[in-house]
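*Asks:* These protein sequence lines are chains S and R, in that order. Sequence positions in the first sequence follow our numbering and run 1 to 228. Sequence positions in the second sequence follow our numbering and run 1 to 203.
Because the hints were derived from the structure by calculation, they are not lab data.
Derived CB-CB ranges, DEER-like:
# : chain 1 : residue 1 : chain 2 : residue 2 : range
1 : R       : 69        : S       : 164       : 26 to 34 Å
2 : R       : 118       : S       : 83        : 25 to 33 Å
3 : R       : 158       : S       : 46        : 49 to 57 Å
Which chain R residues stay away from chain S? Per the calculated CB distances, all over 10 Å, these:
#  : residue
4  : 1
5  : 20
6  : 24
7  : 116
8  : 120
9  : 124
10 : 125
11 : 130
12 : 164
13 : 198
Remember, predicted model here, so these are calculated numbers, not experimental data. Ideal Cβ positions, reconstructed from N, Cα and C, are used throughout, including at glycine.
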Amino acid sequence: MSTPVSAVQAGYLLMRRDLRLALRRPGEWLQPMVFFLVVISLFPLASTPELSRLRDMAPAALWVAALLSSLLALELLFREDGQDGTLEQLAVSGLPLAWLLLAKTCVHWLLTGLPLVLVGPLAATALGAPYASMPGVLAVLLLGSVALSLIGAVGAGLTLGLRRGGVLLALLVLPLAVPVLIYGGRATALAIALEPMTAPMDLLAAIAVLSATLAPLAAAAAVRISLE
Amino acid sequence: MFSATNLHLWRGDLHVLRGLSFSVTAGYCLQVTGINGAGKSTLLRALCGLLPLEEGVVNWRGNDTSRDRHAFHAELAWLGHGTALKGDLSAAENLRYSAGLRRTLSAAEIGHALASVGFAAGDQRLARQMSAGQQRRVALARVLLLECALWILDEPTANLDSHGQAVFGQLLHAHLQRGGLAIVATHQALAIPGERLQELELT
Chain S
1 MSTPVSAVQA GYLLMRRDLR LALRRPGEWL QPMVFFLVVI SLFPLASTPE
51 LSRLRDMAPA ALWVAALLSS LLALELLFRE DGQDGTLEQL AVSGLPLAWL
101 LLAKTCVHWL LTGLPLVLVG PLAATALGAP YASMPGVLAV LLLGSVALSL
151 IGAVGAGLTL GLRRGGVLLA LLVLPLAVPV LIYGGRATAL AIALEPMTAP
201 MDLLAAIAVL SATLAPLAAA AAVRISLE
Chain R
1 MFSATNLHLW RGDLHVLRGL SFSVTAGYCL QVTGINGAGK STLLRALCGL
51 LPLEEGVVNW RGNDTSRDRH AFHAELAWLG HGTALKGDLS AAENLRYSAG
101 LRRTLSAAEI GHALASVGFA AGDQRLARQM SAGQQRRVAL ARVLLLECAL
151 WILDEPTANL DSHGQAVFGQ LLHAHLQRGG LAIVATHQAL AIPGERLQEL
201 ELT
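Extracted from the complex, chain S is given alone in its bound form:
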């Protein structure tokens, strides 16, 4: 028999594959970030260009845009692998499926979550937030986007077999994402006001850790059900 591959190596290889695929189709992965910026740029147009009033709206704008764009991106997470039989192969590979899906979700976050984290503080300053608030906004978005990607993976797994799962995916994921929205919004508001943001950040970190441990298991169960 040949040398078997450890689960860690397998996860690493899967990440490399997904990254390589994404590099060959950059347009697909840039869409969520463009969408995020478009939604944010609509707020001054719809309300007022007055910075002092936009500043109050900035946390809400950032988080609604981040949530919607992460929902948009979720469609890309498992859809293609489900259709072409890759997930089926992973499910019978003898490797822990939850681990492999976590690897896929990590790449998904790198490609769709991380760009939001990076442009988010810039978008916040465009809405009137002070420059000093940029590190705080970045930290909140970092924790929040990780949690959103992980929570979303469960919904993406459940709606895998459905042809038009977009709306259902939103209905499944949004209630689970509401805590992220609440604490993320609060922490962002505190960051923009340059006040200490420990309390909502702690809760956000707890949500991120909880979803990192539980969401892959739930996603694996969901994918197995969808493959039936």
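Here the structure of chain S is known, so what remains is to put chain R in place on it, guided by the hints.
*Replies:* Just chain R, lined up with the frame of chain S:
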């Protein structure tokens, strides 16, 4: 070595598997036949553990496969309707990132497997530029590379030309001669000696 006892499975209102039992020993191939909709794919997916059985036991090497799924899957090469190929990767890359998840592969091994299904060395075409039959050949190369004792293949010769079918027959025969075991659902005659063949007709 592989046996199924009293399998029952419902799909909605349809009782697809009705108390099916069979066993296959090492070195033999079980050919599953039956009209369209007879439940061939359902049976194969249930044997793999992708579909939960309502009743019945699937044994591999004397162990219930639902008990230790990982050990069973580690010895299983499954090929379903989907070829699990990524359109934006070449044949060799596809194999490296799919079969490579399960065992360490050298570039030479991948090249050899591709050559045995009729691919020229250094073929850099992306999977989406290949015909359906060529994609099927790459998927068969993956089955080879996994070096598993048990093959469960659903319509492996779909889209293959006559040369491809002959190649598949040779590969299957070699697998059986090594003491492997195969369960294949297909309508076409398999190009392997009759004494290695068992047949199961689903109705």
